[in-house]
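A.B. asks: For reference, the chains in residue letters:
Number of protein chains: 2
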Amino acid sequence: MAATASSLLAAASVSTSRAAISPRRPRAAPASVPSSSRSSCPPLRARALRSRVVASAAPAMQPPAVSRVSTVVDVDLGDRSYPIYIGPGLLDEPELLQRHVIGKRVLVVTNTTVAPLYLEKVTWALTYQNPNVSVESVVLPDGEKYKDMDTLMKVFDKAIESRLDRRCTFVALGGGVIGDMCGYAAASFLRGVNFIQIPTTLMAQVDSSVGGKTGINHPLGKNLIGAFYQPQCVLIDTETLNTLPDRELASGVAEVVKYGLIRDAPFFEWQEKNMAAILAREPSALTYAIKRSCENKAEVVAQDEREGGLRATLNLGHTFGHAIETGLGYGEWLHGEAVAAGTVMAADMSYRLGWIDESIQKRTFDILEQAKLPVAPPKGVTIEMFRNIMAVDKKVADGLLRLILLKGPLGGCVFTGEYDRKALDETLRAFCDN
Amino acid sequence: MAATASSLLAAASVSTSRAAISPRRPRAAPASVPSSSRSSCPPLRARALRSRVVASAAPAMQPPAVSRVSTVVDVDLGDRSYPIYIGPGLLDEPELLQRHVIGKRVLVVTNTTVAPLYLEKVTWALTYQNPNVSVESVVLPDGEKYKDMDTLMKVFDKAIESRLDRRCTFVALGGGVIGDMCGYAAASFLRGVNFIQIPTTLMAQVDSSVGGKTGINHPLGKNLIGAFYQPQCVLIDTETLNTLPDRELASGVAEVVKYGLIRDAPFFEWQEKNMAAILAREPSALTYAIKRSCENKAEVVAQDEREGGLRATLNLGHTFGHAIETGLGYGEWLHGEAVAAGTVMAADMSYRLGWIDESIQKRTFDILEQAKLPVAPPKGVTIEMFRNIMAVDKKVADGLLRLILLKGPLGGCVFTGEYDRKALDETLRAFCDN
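Each protein sequence line maps, in turn, to chains B and R.
Position one of the first sequence corresponds to residue 1 (the working numbering), numbered consecutively onward.
Position one of the second sequence corresponds to residue 1 (the working numbering), numbered consecutively onward.
Among these hints, one or two may not hold up.
Put simply, identical chains are the same to the list, so a pair is met inside one copy or across any two.
[As the list claims (entries may be wrong)] Capping the alpha-carbon separation at 25 Å, the derived lysine to any residue pairs in SDA-like fashion look like this: (1) K158 with M385; (2) K158 with G399; (3) K407 with S162; (4) K104 with L220; (5) K154 with H218; (6) K145 with K158; (7) K104 with N223; (8) K104 with R421; (9) K154 with D398; (10) K362 with L77; (11) K379 with E305; (12) K104 with N388; (13) K379 with G417; (14) K158 with F228; (15) K154 with L220; (16) K372 with S137; (17) K158 with E144.
Rather than coming from a laboratory, the hints here were simulated on the basis of the structure.
Being a predicted model, the structure only gives us computed values, none of them experimental.
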């Protein structure tokens, strides 16, 4: 198993190496690009950041001669199928992005953190040798706490003030919050317009940008208002991870670990061996982790787009995790941090039920700890809070709380409401304040 | 043609007559109905209204022995297909409603006008001999001006506070505004729950409840935020029209006229002969008008659910009409009133283009005038307002305003952006203030 994973990793390395020797980012702007669509040097903040990042976030001024797409993962959903492109420097390839734009008007939805880093580059990629396309943008405040109706309305306001019509394309440029909000806005604006995901966090690249779940939070719970709505494509430029803070990177790792636990033991074993490389942002390790995560998610979503059952298994640790996030107030912990603690709780409960052996529980704990993720809820989140918040979880059906729990050998799980309530009580008591 | 229409009308009369002789509304409440789900006498306001209505709006206490469903129109949308039931007294048949409820929890969304008339009856129909179902309700303020995000949030608040889960059913009880808002709430709550339409206005019965268009208004335009989302069924109890004000009835007639103009000349000719009967609420005339309207709409929607082209023809007069509604501020004119004036304008423009002969223009004007509907925009709506508002119409694509215009013999129309702009200018000048 590990050998297979290593050879796949080697293959990923080859294409990344090829990318590294292709001509990159010449500084001269081609005369045909209108000056309003990009500037000749990167904005101040992006430039200041460049000193600490491996790859520059400055706009590329000419596309590379050879495509650097190292991987395409197809999400097979009939007439709603779409590709996920994964590779370093994909934002330097205008053609890749432009082939999925529908209409002449584009609205880029991003936030105050990502806009200074990549908005100019994305605008360039959308308009390079493409003078008929005009690009608007709306820059939202950054953070889960802004994933609400008021902020969503700013997207509608911008779209309507800009007189966008049905033949337009929304582009989500940012992490999971931006992707979810932009996707829901695209689903709802004029009852649905096209959209493209450009996820810039590991969390969004391995999970939230794939599969069409969009939505916003309600004060009483996460993602309670939304839509299933698929993008035209997902474009993952792995170089955007070079500007991602360590804590955000680790947050995404929580979802990578999840895929191994619920359905892909070889991937989990590969992670156990390569976690240090992932955290060190070793390009080939990151690319492989993203590719394998997207493949797992695409397989699940293709079988169960609207979460009739199988897809729910992607929420391992999320019911506990959502309770932590809601209990703390959105934005205190990152989503993946809450999921990590929730995953440890789910493993603990699975072990108490006798559904997994102790080694799986231990390996779950160890790999998340190695990723520097929380392995228990924070102080202040009580059993009572857990119970109240879990009662409004979307996976409650006819009053019964169904959970994703590990079962059998590594890589196996179940989505069920049939479990001994005592095990849940014991887990809550073991992990929470009274 | 007229003969065919008359025989259809005769057929509708037969089934209505059959209904009239079946046992109606015995007053004794069966012991098995929990008292919380209905009261033994109608609420004060409904009772006061009864004196002026033909059929009582009071809760029926026992279902009739024989089903009174006179017509079922099927909307054929593959796995999203659903029936439209049309007939007098359908709310007295709990089984009909209950067979389409999914889950044990129901949220009825209604408004302050309709709740006193029908909420109790609907609650009774949902819970009669069905003790496992619990019914919540949310009563919104009445009117197009409340078809906004703030009011929509009240539906989400109620659903979440009531801890409704994915296996629940939303019921829209009211006119088009309630149907559109409840439908969009159902589309968005937990990314989609089941819903049922119980339209109580002619407008909603012949148009807005059928076809899955849901949404809310934005200050800059109507229905700019929404979803295509199909109900489990539409239940049209024609007796609810007995409590409808004359002006609201006429508003619905504007859409009935539309079906004749765009695709059904025999239906238009039938209307010319039977308009007085419709306005006098003659049951068989109303039932036939609703049935034929639903059939027309169902045929169009089945061919073009997401409005790629054909479905847009249902918007005859609506682009002009929306401009009137938006220009006036929502709620000044009823939707059908604005559509009527818009239809006259569309016919005028079609005639100026030489696409229809004068008799069609005249018959359009005459039938709408006979229905006591406006045949021109009100004072104060200027050419400038028309232009600005039409520029953000959903039917604009890549900057080009497409219109539904009449063309050829009676019953023919086109949806096109290819027309002489001069004709539009002339129509605006002929109908509007400068």
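A.B. asks: Each hint needs a verdict: does it hold in this structure or not?
C.D. replies: Evaluated hints:
1. Taking CA atoms no more than 25 Å apart as the test, K158 paired with M385 passes between copies only; the shortest distance there is 20 Å, against 38 Å inside one copy.
2. With identical chains, the CA atoms of K158 and G399 are at most 25 Å apart between copies only, with a shortest distance of 17 Å across copies and 40 Å within one.
3. Taking the shortest Cα distances, K407 and S162 never come within 25 Å of each other, neither inside one copy (52 Å) nor across copies (33 Å).
4. For a Cα distance limit of 25 Å, the shortest separation of K104 from L220 across copies, 22 Å, qualifies, whereas the shortest one inside one copy, 39 Å, does not.
5. Within a single copy, K154 and H218 get their C-alpha atoms as close as 17 Å, and across copies as close as 12 Å, so both meet the 25 Å cut-off.
6. In the homo-oligomer, the alpha carbons of K145 and K158 lie at most 25 Å apart both inside one protomer (20 Å) and across protomers (21 Å), since each shortest distance falls under that limit.
7. For a Cα distance limit of 25 Å, the shortest separation of K104 from N223 across copies, 23 Å, qualifies, whereas the shortest one inside one copy, 31 Å, does not.
8. For a Cα distance limit of 25 Å, the shortest separation of K104 from R421 across copies, 22 Å, qualifies, whereas the shortest one inside one copy, 56 Å, does not.
9. Taking CA atoms no more than 25 Å apart as the test, K154 paired with D398 passes between copies only; the shortest distance there is 22 Å, against 35 Å inside one copy.
10. Proximity of K362 to L77 under the C-alpha cut-off of 25 Å is found in neither arrangement, the shortest distances being 37 Å within a copy and 50 Å between copies.
11. In this assembly of identical chains, the alpha carbons of K379 and E305 never lie at most 25 Å apart, being 36 Å within a copy and 51 Å across copies at closest.
12. In this assembly of identical chains, K104 and N388 lie within 25 Å of each other by CA distance solely across copies; the values are 20 Å between and 47 Å within a copy.
13. In this assembly of identical chains, the alpha carbons of K379 and G417 never lie at most 25 Å apart, being 28 Å within a copy and 63 Å across copies at closest.
14. With identical chains, the CA atoms of K158 and F228 are at most 25 Å apart both within one copy (23 Å) and between copies (22 Å).
15. Both within a single protomer and between protomers do K154 and L220 lie at most 25 Å apart by alpha-carbon distance, with minima of 22 Å and 13 Å respectively.
16. When the C-alpha separation of K372 and S137 is checked against a cutoff of 25 Å, the pair qualifies neither within a copy, at 35 Å, nor between copies, at 47 Å.
17. Within a single copy, K158 and E144 get their C-alpha atoms as close as 21 Å, and across copies as close as 23 Å, so both meet the 25 Å cut-off.
Consistency with the previously given hints fails for numbers 3, 10, 11, 13, 16, ordered from lowest to highest.
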